[in-house]
Amino acid sequence: MNATFETRMDTLPQAARGSQQGAPDTSDPMIEIDHLDFYYGANHALRDISLQIPGHQVTAFIGPSGCGKSTLLRCFNRMNDLIEGTRIGNGQIRIHGIDISDPAVDTIALRRQVGMVFQKSNPFPKSIYENIAYGLQIQGVRDRRRLDEVVEKSLRGAALWDEVKDRLHTSALGLSGGQQQRVCIARAIAVEPSIILMDEPCSALDPIATAKVEELIHELKKNYTIVIVTHNMQQAGRCSDMTAFFYLGQLIEMGKTEKIFTNPVQKQTEDYISGRFG
Amino acid sequence: MNPKSNPFAHQSSGARLAESAAFGLFRGATYFILLCATMIFGVIVVKGSGTVFKASPPFVNWTFLTASPETLYVFEFEGKKMELGDKAFREFKAARGLDEIEAESYAHSAGGIWPCITGTFWLVIGSMGIALFIGVSSAIFLSEYSQQGRMVELIRLAILNLAGVPSIVFGLFGLGLFVHFMPVVAGFDDPSTPSFPIGFGHWLNFSGWGICLASGWFTLAFMALPVVIAASEESLKAVPRGFREGSLALGATKWQAIRTNVLPYALPGMLTSSILGIARVAGETAPILFTAAYVMRDSAPGGGLLDFLGQGVMALPYHIYVISSKIPQNEFTERVQYGTALVFLGLVTAIAMTSILLRIRMRNRYRW
Ligand SMILES: Nc1ncnc2c1ncn2[C@@H]1O[C@H](COP(=O)(O)OP(=O)(O)O)[C@@H](O)[C@H]1O
Ligand SMILES: [Mg+2]
Chain A
1 MNATFETRMD TLPQAARGSQ QGAPDTSDPM IEIDHLDFYY GANHALRDIS LQIPGHQVTA
61 FIGPSGCGKS TLLRCFNRMN DLIEGTRIGN GQIRIHGIDI SDPAVDTIAL RRQVGMVFQK
121 SNPFPKSIYE NIAYGLQIQG VRDRRRLDEV VEKSLRGAAL WDEVKDRLHT SALGLSGGQQ
181 QRVCIARAIA VEPSIILMDE PCSALDPIAT AKVEELIHEL KKNYTIVIVT HNMQQAGRCS
241 DMTAFFYLGQ LIEMGKTEKI FTNPVQKQTE DYISGRFG
Chain B
1001 MNPKSNPFAH QSSGARLAES AAFGLFRGAT YFILLCATMI FGVIVVKGSG TVFKASPPFV
1061 NWTFLTASPE TLYVFEFEGK KMELGDKAFR EFKAARGLDE IEAESYAHSA GGIWPCITGT
1121 FWLVIGSMGI ALFIGVSSAI FLSEYSQQGR MVELIRLAIL NLAGVPSIVF GLFGLGLFVH
1181 FMPVVAGFDD PSTPSFPIGF GHWLNFSGWG ICLASGWFTL AFMALPVVIA ASEESLKAVP
1241 RGFREGSLAL GATKWQAIRT NVLPYALPGM LTSSILGIAR VAGETAPILF TAAYVMRDSA
1301 PGGGLLDFLG QGVMALPYHI YVISSKIPQN EFTERVQYGT ALVFLGLVTA IAMTSILLRI
1361 RMRNRYRW
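Protein chains in written order, with the working numbering: chain A, 1 to 278; chain B, 1001 to 1368.
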């Protein structure tokens, strides 16, 4: 492939791009994975995974801990590149039809398109404003008015604006755990990605904060494609459209969430969902 | 309850005896250190105070702190015993029209130690700057950029070993490399050294920088490097991974992530630990012995940048060495010895305290 990720992104139809206006195109798969094998050194962490993640929907990854959910998620924005000795053995990951494991893909451009929210909320020890503006500032945006606009828009998008609008310039670390996680979400949407990856975003939150984030996820899928890893079966049931169940590095089953939860095809899926193991 | 039948009553046994013996030994060792430290500090403070302070206002002996060292002349004049520094002695003679007065002279025993204080100050500042720049850079490379593996481990080991190199060896290294070899730009081709023409009628002569501040800076900086690198790597590791991942996930380059979300939080730790390490190095005599220190300079370092870098300086540790072993010992030199030691001790303590205070303040500021 000759074109960089960024130039290819520009040629995409408007509808496929996340935050742009236009009818969500749900028929087109956003992320396609073909026979993916992934290794941590000699550890074969993902085995022959093939699946398609539809656009403008919430897809949940479930499965017992250590089954490779985070690993797969971090393949989508090549965060695994940061860990030494990792490699894709086989297969392809295509986002908007582009093979992102191609060395020609610029991870910086990729990560602007594919945002990530981490399990352990990690706001920078800066002000709320600086946290949200960070993604644009590293792109070289200095225009104060533009930054102000984006900060407000992103915080509104993360349902946080009313809670923090009077304290934008105080440290983000002074916020509650749930608010901090929503700052991280706002920070991610500030750079206008088309896909947002969330790795157990609520695992450290209390039920009320969790409910808020779930509500937000529901809101966000209008503009973004969301992939969420969760440990919490109820959460997957509540906020996802599609669910994929993984076990020991393999995709056992993927389908519409109601179907997976009410009438799974595989015995292992049923056992896991009914709480018999995991 | 019958005390005899108390199962928890104290019993003396071999184990108990051994315990008290061991405990007593440890206590004794600790008290011994305390005693030694008290003696060292006590003697320096008591004896040095006589030189640095005085009984009448302004209570501080400003001459000692702000004048240059002079030769002391002790003589009898009209039945009175007089002690005068070099300059005062000459004025005294001139005022009375006398050519010669029979006097005993004691080198370095009059005047003060101002050039030593400023010399040490500049040595510390310069070597600190160089050590921090090189040390922080290589720490960033080692812990953030390089592929962790055998090569990096080898480099770390080499740096660690650098810390074990005796200071006199650093001094010799500095002498060989900086004093005798490093190139200088000159308007002529020095026939006695390897030279390269660099155009515009100038040559690069590998004639060495000579005994000067620059040579001392680099020698001291290399000595401080292991501490600075270790401290910097420690501080970098203390910054949570989440900050790096968070910014990289937003499309930052590695350097952007480090510059905006790692360095600002690591820098306080780097600075304070490094200052402490450099303060220790600044107290060394051996590395500056051959590279930067002069026995005598009349004034504090100054002049234009090149002149400044190219001049040798006096320094407190070297001055102590000179007046304690290179000149005849007597009551007059002893005064200067203890006075200099006290000032030196005060200076090093002040630097250490500053870095500790700084660390406490910074720690409170950056919390996550
Ligand atoms: N940094 C790593 N280095 C080596 N192995 C890892 C690393 N992270 C995860 N693994 C391995 O990959 C497998 C999947 O882990 P992970 O994706 O974190 O699971 P999950 O998110 O489903 O709990 C596990 O066997 C784990 O031991
Ligand atoms: Mg995980």
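Simulated from the structure, these hints should not be mistaken for lab results.
Certain hints may be false.
Taking lysine-lysine pairs in the DSSO-like style, the calculated list, with each CA pair at most 30 Å apart, reads [said to hold, decoys possible]:
1) B/LYS1081 / B/LYS1093
2) B/LYS1093 / B/LYS1054
3) B/LYS1087 / B/LYS1054
4) A/LYS212 / A/LYS153
5) A/LYS153 / A/LYS165
6) B/LYS1080 / B/LYS1047
7) B/LYS1081 / A/LYS120
8) A/LYS120 / B/LYS1237
9) B/LYS1254 / A/LYS153
10) A/LYS153 / A/LYS126
11) A/LYS126 / B/LYS1087
12) A/LYS120 / A/LYS212
13) A/LYS256 / A/LYS126
14) A/LYS126 / B/LYS1054
15) A/LYS120 / A/LYS256
Okay, the hints, checked on the actual structure:
Pair hint B/LYS1081 plus B/LYS1093 holds up; C-alpha atoms about 15 Å apart against a cutoff of 30 Å. Taking the CA atoms of B/LYS1093 and B/LYS1054, the gap is near 27 Å; set against the 30 Å cutoff, the hint holds. Annotation: proposed proximity of B/LYS1087 to B/LYS1054 holds, straight-line Cα distance about 22 Å (limit 30 Å). Straight-line distance between C-alpha atoms of A/LYS212 and A/LYS153 comes to about 18 Å, which keeps the hinted pair within the 30 Å bound.
Annotation: proposed proximity of A/LYS153 to A/LYS165 holds, straight-line Cα distance about 11 Å (limit 30 Å). Taking the CA atoms of B/LYS1080 and B/LYS1047, the gap is near 26 Å; set against the 30 Å cutoff, the hint holds. Using a Cα cut-off of 30 Å, the hinted pair B/LYS1081 and A/LYS120 is violated, with the two alpha carbons roughly 80 Å apart. A hinted pair counts as satisfied when its Cα atoms are at most 30 Å apart, and A/LYS120 with B/LYS1237 qualifies at roughly 18 Å.
A C-alpha spacing of about 27 Å is found between B/LYS1254 and A/LYS153, which places the hinted pair at or below 30 Å, so the restraint holds. Distance check on the hinted pair: A/LYS153 and A/LYS126 sit about 19 Å apart at the alpha-carbon level, within 30 Å; holds. Distance hint between A/LYS126 and B/LYS1087 is unfulfilled; the C-alpha atoms sit about 61 Å from each other, more than 30 Å. Proposed proximity of A/LYS120 and A/LYS212 is supported: the alpha carbons are some 17 Å apart, at most 30 Å.
The straight-line distance between the Cα atoms of A/LYS256 and A/LYS126 is roughly 40 Å, outside the 30 Å bound, and the hint therefore fails. Of the pairs offered as hints, the one joining A/LYS126 and B/LYS1054 is violated, with about 52 Å between alpha carbons and a cut-off of 30 Å exceeded. For a cut-off of 30 Å, the pair hint linking A/LYS120 to A/LYS256 stands: about 28 Å separates their Cα positions.
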